[in-house]
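Visitor: Kindly generate the complete structure, drawing on both the sequences and the hints.
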Amino acid sequence: MELGTGRLARLFVYVLLGAAAFSVAFPLALMALNSLRNNFDILLTPLGWPSDPDWGVFWRVWQEAQLGRAIGNSLIIAGGTVVIVCTISSMAAWVIARKEVPGWMVVSLYFLATTTIPVQMFIFPLYFLMAQLGLINSPIAVIIIYSAIFTPFSLFLLRTYVLDVPMELEEAARIDGASDLRVFTHVIIPLITPGLLTVALIVCLNVWNEFLIAITFLQNADAATATARFYQLTGRYGNNLADLMAVATIIALPTVIFFVFVQRRFIEGISAGAVKG
Amino acid sequence: MADQSAADARALTATGALSANIARPMRRRKPPNRKWLFLLPALIVSLCVVLIPVVVTTLLAFTDWNGFSMPHWVGLANFVTILGEARFWAAFRNNCVYTFLFATLPMICSLFAALLLMTIRKGRTFFQVVYFLPVTIATVILAQIWRSMIYSPTSGVVGWLQSVGIPVDNPLVNPDTSLLGVLFVDMWSWWGYLTVIYFAALRQVDRSLIEAALVDGASRWQTFWHVLRPSILPTIMFMLLMSIIWSFKVFDWIYVLTEGGPGFSSEVLATLGYKTAFQSFEVGRASAYSLSMSLLGMAAIVVYLRLQARREKV
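Protein chains in written order, with our numbering: chain X, 1 to 277; chain P, 1001 to 1314.
If you're looking for bench data, these hints aren't it; they were derived computationally from the structure. In this text the structure is predicted, and so the values were computed from the model without any measurement. Misleading hints may appear alongside valid ones.
Only pairs whose alpha carbons sit at most 16 Å apart, straight line, appear in this in silico EDC-like list of lysine to aspartate or glutamate [unchecked claim]:
hint	chain 1	residue 1	chain 2	residue 2
1	P	K1035	X	E171
2	X	K99	X	E170
3	X	K99	X	D164
4	P	K1035	X	D180
5	P	K1035	X	E100
6	X	K99	X	D180
7	P	K1275	P	E1259
8	P	K1035	X	E170
Have a look at the derived ranges for each label pair, beta carbon to beta carbon [claimed, not checked]:
hint	chain 1	residue 1	chain 2	residue 2	range
9	P	I1044	X	W49	51 to 59 Å
10	X	L133	P	F1281	14 to 22 Å
11	P	L1083	X	A25	41 to 49 Å
Just so it is clear, CB atoms sit at the ideal spot from N, CA and C, and this is done for glycine as well.
Guide: Pasting the structure below:
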């Protein structure tokens, strides 16, 4: 559709959209540019250009703040969560999509209801249980909690992919004597792989950025994810904003680059659900 | 919380489709049906992490548990206490203000931006990617950027504006504006997500309808109101519901930007419950906050669904 006919009108539209883009990018640019300046200059004005960029800051805070460790923790937890979520939600999605089990409707409604429940409704008992079991600061506890939280969304997303798998393929495999498990691993899984990739992308991004559960269950510097580590550092670097912004840049950059590379798949993934409904 | 966004979005749409095929007869009977075993792992994880703890939290709301000693049954005492507290009502009021503004203002801005995107050919992807960027960055990082680089009077843009003589102040330290200061940052990070979704919905509207309307001499406003608006209304209503659900659960932004202060001026039920449980270890009372929050959230959803049902009848 081409609504803006006049050249002036079109220019005006670009000015408006550009202004909006600027207002979104401006705070992010402040983060990146000020990480290269020194603290004294920042206190004079946050708006200066880094005339003498201090590129060494990234390596320095990487070591000081043990960011390698924190990013490693994030990757372990994200990886573990992705593996569990993809496994259990694809299995459940198959059953729910095919409606061959009595009670599938109740189970779907249950999973749907869990997405509206606030985290504060279940983390208090979990926290004190994990404390009893000595699992605070353990990635395992966090992986299991994330798996439960991200399963409903993955299940309903994968369900739409299972629905696209023709029933005839399953039946053909059954006639050849394949068991349920074999049908699942050899017919369903290969055909819903694009769905599994989308789930993996979205779960990775959400785990990397998750805040509440990470700061509650991972309290040590050694155990923290990148996001939780950043929160721990806000106190320590409170007086050194250049260093704090450098840490922020290091933690934000992977997700931004990741998103820019997969943006087409990502945007299609998130909008398809809302638009089809 | 935007990070759950895609999750809940899918979940709700999926059930819309679920109910359509209930009546279809079973394709064939194959004894014995062991497929329910495939449902088991997901159910077990969810029961252990969500359902059982939710039941425990509900029971704890009627006790004086402090996380360590034996809990004692205290009946409704926790609820009587919190209903008499100024901070509970402050938090409840803040939740309502937050949810109302969060569900309306970004909705209008994003719809407008998506319509503008429809009128251009070049740069659509670029603008979408830029608008979406904050959604991909952790809330704690964005909140810290706003706190120290923008709102701060010593190191932020606000301080620079003051130095050139423009009378602005850090909204987070003033009880009258602290909630709005947080809300603004949340909306700033969120509207791009809505824009991307509305744009996707608008692009699915049949082009010939739009062209026909324009050829017939409809103004742009009439085209929007009579052609585009009805086609994307389901998407708008769905995102409205999701905005209500997410914004009622707001925690990260408030916890990082103000911790509910100054006073209780930006406290919400989520931060109140969390702090009561993990800073003062009054788990019984914290559970009562959580339970009230869930019930109020559910009430908001029910009211919304009622209103929508009435709209559809008319």
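Visitor: Which numbered hints does this structure break?
Guide: none
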